[in-house]
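Going line by line, the protein sequences match chains A and B. According to the numbering used here, numbering within the first sequence proceeds without interruption in unit steps and concludes at 87. According to the numbering used here, numbering within the second sequence proceeds without interruption in unit steps and concludes at 164.
Be careful, since some hints might not be right.
[Unchecked claim] Taking lysine-lysine pairs in the DSS-like style, the calculated list, with each CA pair at most 27 angstroms apart, reads: (1) 93/B - 106/B; (2) 93/B - 7/A; (3) 61/A - 93/B; (4) 93/B - 103/B; (5) 61/A - 7/A; (6) 7/A - 106/B.
The hints are simulated quantities; they were obtained by calculation from the structure and are not laboratory data. A quick note: this is a predicted structure, and the numbers were derived from the prediction, not measured.
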Amino acid sequence: MPPKPTKVTNRIRALRFESGEMTQADMAERLGVTRQTVIAIEQGKYSPSLEMAFEIARLFKRPLDDVFHYAGPFQQAEGGSDDQPSS
Amino acid sequence: MTHEMRSPGDDDPVIMTAEERSVWVYLAVVIITSTAYYAVIIPRVLSQPIEDVSWITPMLWTLGFSIVGTIVGSIVGAIGGAIGLAIRGIDPKGQLEGDMRDKDIKRLGDRRGAMIASTAMFGVLVLAMIGADLFWIGNLVFLAGTIGAFVETMTKIVAYRRGM
Chain A
1 MPPKPTKVTN
11 RIRALRFESG
21 EMTQADMAER
31 LGVTRQTVIA
41 IEQGKYSPSL
51 EMAFEIARLF
61 KRPLDDVFHY
71 AGPFQQAEGG
81 SDDQPSS
Chain B
1 MTHEMRSPGD
11 DDPVIMTAEE
21 RSVWVYLAVV
31 IITSTAYYAV
41 IIPRVLSQPI
51 EDVSWITPML
61 WTLGFSIVGT
71 IVGSIVGAIG
81 GAIGLAIRGI
91 DPKGQLEGDM
101 RDKDIKRLGD
111 RRGAMIASTA
121 MFGVLVLAMI
131 GADLFWIGNL
141 VFLAGTIGAF
151 VETMTKIVAY
161 RRGM
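Can you build the whole structure from these sequences, using the hints too?
Structure, rendered in structure tokens:
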């Protein structure tokens, strides 16, 4: 069965290797989740909670949108920006 | 002689958490016990009047086996998973116990299963209102529970395998 596509993509795998080849198990232990959850997030099969997304970004010492990307309606309408339209 | 357990590498096989194993066990138990129940009941329904069909004892046995089978199967599955990792020299810590993803998947599956059960309650109400034989009322509840359990477990398995 092919994985169900989500609109949230991420660079976790690349960032793990940039962070001294951190293994999935190491990352899982630091986040307090299972290795299976790290794999599911990496493969886009599971969208983490906002809190966990921030924890992952902090783990790699990166801003949130360096780690996660969301191809939502605002991004499509505004040519790549994730920002909310200002009123 | 002591064996040092190692943390799993990215190339090591991914095992199921205890929660996912329990879902598979529950699915297997539901299929086996409900098939056995219908294998006993359907010939009786076809050979005698509904009022004379003895269904309470087979249903109690089915429910008993379902509960005991799920508990025992889940324990055996969890122990089997830990032994499987230990044989490969991999530390089971952080691989078997569930986390928030398991809880999210459980919530999704439970909600779908509950939808089936609550829908069937309307049918039970209608049967009671028209004074249907207790056989039909009891068996509609049983059928709803079986279908609900099947939908619940399949939802969880798809969420584990394909994502949610």
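Checklist entry - Looking back at the hints listed earlier, which ones does the structure fail to meet? => result 2
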